[in-house]
Amino acid sequence: MTQQMTETKPSHSEMPYVRIDHVTKRFGSFEAVNQVSLDIEKGEIFCLLGGSGCGKTTLLRMLAGFEEPTEGAIYIDGVDVTSVPPYERPVNMMFQSYALFPHMTVAQNVAFGLRQDGVSKSDALLKVREMLAMVQLEGYESRKPHQLSGGQRQRVALARALVKRPKLLLLDEPLGALDKKLRERTQFELVNLQEKLGVTFVIVTHDQEEAMTLASRLGVMQSGKILQVGSPTDIYEFPNSRYVADFIGSVNLFDGQLTVDEPDHCLIHCEALGLEVHIDHGVSSAPDALVTVALRPEKIRLSREQPAQVENCVQGWVTGVAYLGDSTRFLIQLDNGTQVQVTRPNIDRHDEHLAADERVWAFWEGNSPVVVAR
Amino acid sequence: MRTGQSRFVRFMLVAGFAFLYLPIISMIIYSFNASRLVTVWDAAHSPTLAWYVELFSNDEILEAAQLSFRVAAISATGAVMLATLAAFALVRYRRFRARALFGLLVTAPMVLPEVITGLSLLLLFVALTQWIGWPAGRGATTITIAHVTFCLAYAVVVIQARLATVDRSLEEAAMDLGARPWKVFWVITLPLILPAIASAWMLSFILSWDDIVITSFVSGPGSTTLPQLVFSKVRLGVSPDINALATLLVGVVSVCVAIAGTVMMRTERRRARDAQIAMGAH
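As they're listed, the protein sequences go chains B and F. If you count by the numbering used here, then the first sequence holds residues 1 to 374, one letter each, in order. If you count by the numbering used here, then the second sequence holds residues 1 to 282, one letter each, in order.
Honestly, the hints are just simulated from the structure, not real lab data. Predicted model only: the values in this text are computed from it and were never measured. Glycine included, C-beta positions come from ideal geometry on N, C-alpha and C. You can trust all of the hints, since none of them are fake.
Partial selection, computed: residues in chain B whose CB lies under 10 Å from chain F: (1) PHE66; (2) ARG89; (3) PHE95; (4) PHE101; (5) ASP117.
Excised from the complex, chain B in its bound form (with noise of 0.2 Å):
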């Protein structure tokens, strides 16, 4: 799964165009990236996602220089840049709080790294008004940043680490300090100004939503690890543990005991359910492997009368009915006390109504359930 995207560009023969070899920072006997290897195509949009402190933001520090690795090497475009300050490093970091510089206009704030790399007023000038042409900041050139809007920042943020247009661009939260409407709103012109650049983007974020909306990729971490890496639906249908089917979005974890491992089926004996999962395709695992099977929502239906299918059905009563506007979320209690979670979409306006203590069935196919190691 790791190596999906070796399509390589002739130029570096192996080399990817981001790979990251074996990293380890330790701060003092702490361990915030523990072994990391990581490689990233040119022209994708990466996003390490995962919780405070699982190491996501040291990993993204170390690729823009702010710390140095304690083991391990960093190549970007075949350069080793372990050791190289973040100052002579093709790498541009859009920062969570923006860090705009508050004594400077817009204007000098776009232009404060061409200005660095020597390029002469005039011309660091034009690619300013280009630069914010793109991001919609026409006009504002002479603006200081407290005179401007959250959304605002933002942009002028993006085109400052953009304008000199880095081999990598780090993305801490980018869309973190935005409200919802806005939030969905910039994903999209990101996704676009990434297209229109051809410029490597990395993202950090907590946020599933931001990380499967932006990303052609993915990697889970955790605890300075990472756990999976993949294209978003690879993640979501296919988690490859417990945590990571936990962390996306929502999920049923059902402990379980494998019974019977054929090529073309196999069950799993869960207590909780009370009955031997069915699911059509071999796990090749040891016999008798203690496993959890990973149910999304979604993936449940539920009916009134019994359904036509014998295997993966239950019974139990609805406790709960939470209506979203677009999908309608139900708590099915079984019989035997265990809880499951059902999300059904609200197609019709007229659909058959559950309510409160009916008693349903569930039931499921034979493909939805995911088996991960417990």
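Put chain F on the given structure of chain B with help from the hints.
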């Protein structure tokens, strides 16, 4: 009894301010008195600028004023430069060993009795002169060094407070955009802490300008600062020109305080506004 209460409050306010400022105001008024006797108001010939004229024709006073100004300016500059470095060490290098001790030692002169500071500096200067022959005798140099020592403590507190509020990521952003650390200091950090540096300079200037206790220990013959001159003159009996001189001293200090206050208030207001905008973004 609201009106009674408010009348009491108003009385206390007036009384308090009178207690604080009446002596100074009377001194200022009497500096325009024509009479030779300090306590007698000569209504016939007052007000007069005679004492001010006399002041400016008195070489002794002019010389002392010049020395005071020079010492205050140089020691304020020195103190602010050292204080900026110390503040950086205290704010930026949070984890260096004995940081707490360093912070304590830097600011201790604020609470140390001036007599102690003065005496210890005097002993140091005497010892230094014996060992290495510098400073040769006591005078403007020793006064300046002594003033730097105690002004430093106040300047560190002011600059440190401001530096602590400077967002570290601003410096990182500048570095990320290609500025080397030294350049980052000049174009990002320094402009951001400049208001604090300015008010620390003003504060140090006033402290140095006013000081008499420490100065008395470390000054030598031929180097008399203005406060020392006033003090020695008063010991021989209060003459009216002292009123004029003191009025001018108060004037200089008030101007410094007003400038420092305005600078600090303006940056404070700007910061509050920035914070408000940042909070209620969009």
